Amino acid sequence: MSDLVQFLLAGLALGSVYALICLGFVVIYRATGVINFAQGGLVVLGAFLTHEFAVRQGLPFSLAVVLAVAAVAGIGMALERVVFRPMVGQPTFAMILITLGVLFVLEQASAARWGYDVLLIGDPWGVQTVQIGGATVKVADLWTLGAAGAALAALFALFRFSTLGIAMRAGAADPEAALAHGISPQAIHGLSWAIAGAVATLAGVFLSAGPKGVDLSLSLVAFRAFPAMILGGLDSPEGAVTGGVLIGLIEVLTAAYLVTAVPGVGANFHVVMPYLVMVVILIVRPYGLFGREEVRRA
Amino acid sequence: MRLKLRNTRISTTYAHDLVLWRSWWARSGIALVVAGFAAAPFVLSNYWTTVLVYAGIAAVGTLGLNLLTGFAGQASLGHAFFFGVGAYATVVLTGSAHWPFPLWLIGAAAIGGFIGGCVGPAALRLRGNYLVIVSLGLVIVGQHVFEHWTSVTGGLTGTPVRAAVAVGGLDLTTMSLFGRPLARNQGYFYFTWIVVAVIAFATRNLLRSRPGRALQAIRDRDLAAEVIGVSLVQYKVGAFVVSSAYAACAGAMYASYARYVSPLDFTLFLSIQYIAMMVVGGVGSVAGSILGAVFLTALPRVIESLSASLPFISSTGGGGGITVFSLNQAMFGLLIIVFLLAEPRGLIEIWRRVKRYFLAWPFSY
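Protein sequences appear in the order of chains A and B.
Oh and the first sequence: position 172 is 172 in the working numbering, straight run, nothing missing.
Oh and the second sequence: position 360 is 360 in the working numbering, straight run, nothing missing.
Pulled out of the complex, with its shape left as it was, chain A reads as follows:
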């Protein structure tokens, strides 16, 4: 029983990180209609920058995270300005292809700077654990849950209560009407990319906290937020969070139980599981749990 509690908490922690990455996807998708494959690159870059500030420059960890978040948010805005703004009005597939190009450039630029080895990001949690109701829980997981929850709550508050957030929702719902009200689409697109960069960095930090460290394969982990996004519905922030948490739980529970119960599936089966869930969702409920169903004649 305590095993299950332990796995559930680990799954929730992983899921909340996916939720962060997913929310970055959804913010950009709603504002610009682009499925952003470069998000994984931003996650990697954020984690590497945290390593750079905390370990190489010797800054305090919390300051390093703040600096990395700010830096990647700035890089996100710069990408929007230089690469994506000239592409507005081009076909969607071209926009998607260009995000793939950005992903490979970001990854390899990071490799050129930080190499291919696993690097620790200098977090204070390490391998510490605490006992909660008989279950052994990693301190890093608790911090992940707390910080991811706080970041998600802050973002939802931004969308719900601030003028800026409402402007962003208006721009996503009807760009022309928003423009007529004096909302600048450029500002909204830039801000969306900044938010995506910031949450990607947070996700990168928590994914590589403790002994795991960061290397290039982290961007593959970020890809697993795509099934979460389909599960929740491409255009729904609530769906992004729910989908992220569900995929995190499914992944951890698969690794814990299914792989030992069914030995034939192979050791890394939990990596594949989210995509199988995605295909089932697409067949059964193609708009996801929270997505808006398209109205059309049969």
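It is worth saying that the hints were derived from the structure and are not from the lab.
In this text, all values refer to a predicted model and were calculated from it rather than measured experimentally.
Using N, Cα and C, we set each Cβ at its ideal position, and we do this for glycine too.
Watch out, some of these pointers could steer you wrong.
Unchecked claim - Just so you have them, the derived chain A footprint on chain B, three or more residues with Cβ under 8 Å:
no.	region
1	228-237
2	335-344
What the hints assert, rightly or not - Pair ranges (Cβ atoms, derived):
no.	chain 1	residue 1	chain 2	residue 2	range
3	A	Ala78	B	Ala26	53 to 59 Å
4	B	Val227	A	Arg85	29 to 35 Å
5	A	Val66	B	Phe269	32 to 38 Å
6	A	Gln57	B	Phe114	54 to 60 Å
The hints should help you fit chain B onto chain A, whose structure is shown.
Just chain B now, kept in the frame of chain A:
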């Protein structure tokens, strides 16, 4: 009815618009290209013949991707997966089943198309680019299957392939031409580029027919296409099936030529390479696909040969410089970005501009 084409440059009738080779010049241009290819393996070194064989294999895959992305407007990352399916289908068909030459190639393509037809409907019945996410999943699930289905794939260590290219008594890899014996490489060069020619011709023909026009209508405005009676799902899935079959065909050719395949040949980077070839060559152009495939297969080889003299290249990466492998990946990414921003129709558009300039002479503006 006999067509009378006075002006061979500008289409004046609808029928003329459909003609495959517009003019005497186009026909002689094709003849020149064919002659050049026939002579190429005797002129080029063994190394560059090999490079061109791989370029031909890449051209087949890129043609498939271009059909799907350039004409139906659906981005896909799945080419690495279908390429792998074709390669392993060849392993099975030639290994335990002992299928002879044209059959294993056609069989591998058919298996790829069949799997595409099974996956396609789940990803393509929605409007929007769901396919790109589903196909990413395909590559990752495929990678897992290739690594763990050891009885077929040999796991991470890979498996040898013995897929001969021989019809009856004629083995393409050991035949002789005009009394001169051909090396294996030269035989494969002809085999590969004949397949490229056949597939390029088939694709061009497909695109000027009813399904081809339907696909372009879907790409340009799916709602309008649906209103005039084009079944979106049917045509998009159809394009995906043909595209998957092309990719599997390329994979089968690769397996036969390389004689050894491992799961590491079919990673996401392969899909990115195909995307870069399509974008650099020309999205929505048959000739552009081939041009992009040749250009981007040759470019890494050129960089490799220069790597000793380039100061920023290191063998380990990190700090001091960038590895050749890294540089290639970054370069493919960068080329996708630069071409989509600066020359979205690719290299082929540059060629067209040059041609237009001289055709309109002396009114070159």
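Outcome of the hint check:
no.	hint	result
1	228-237	violated (count 0)
2	335-344	holds (count 6)
3	A:Ala78 to B:Ala26: 53 to 59 Å	violated, 45 Å
4	B:Val227 to A:Arg85: 29 to 35 Å	holds, 32 Å
5	A:Val66 to B:Phe269: 32 to 38 Å	holds, 34 Å
6	A:Gln57 to B:Phe114: 54 to 60 Å	holds, 55 Å
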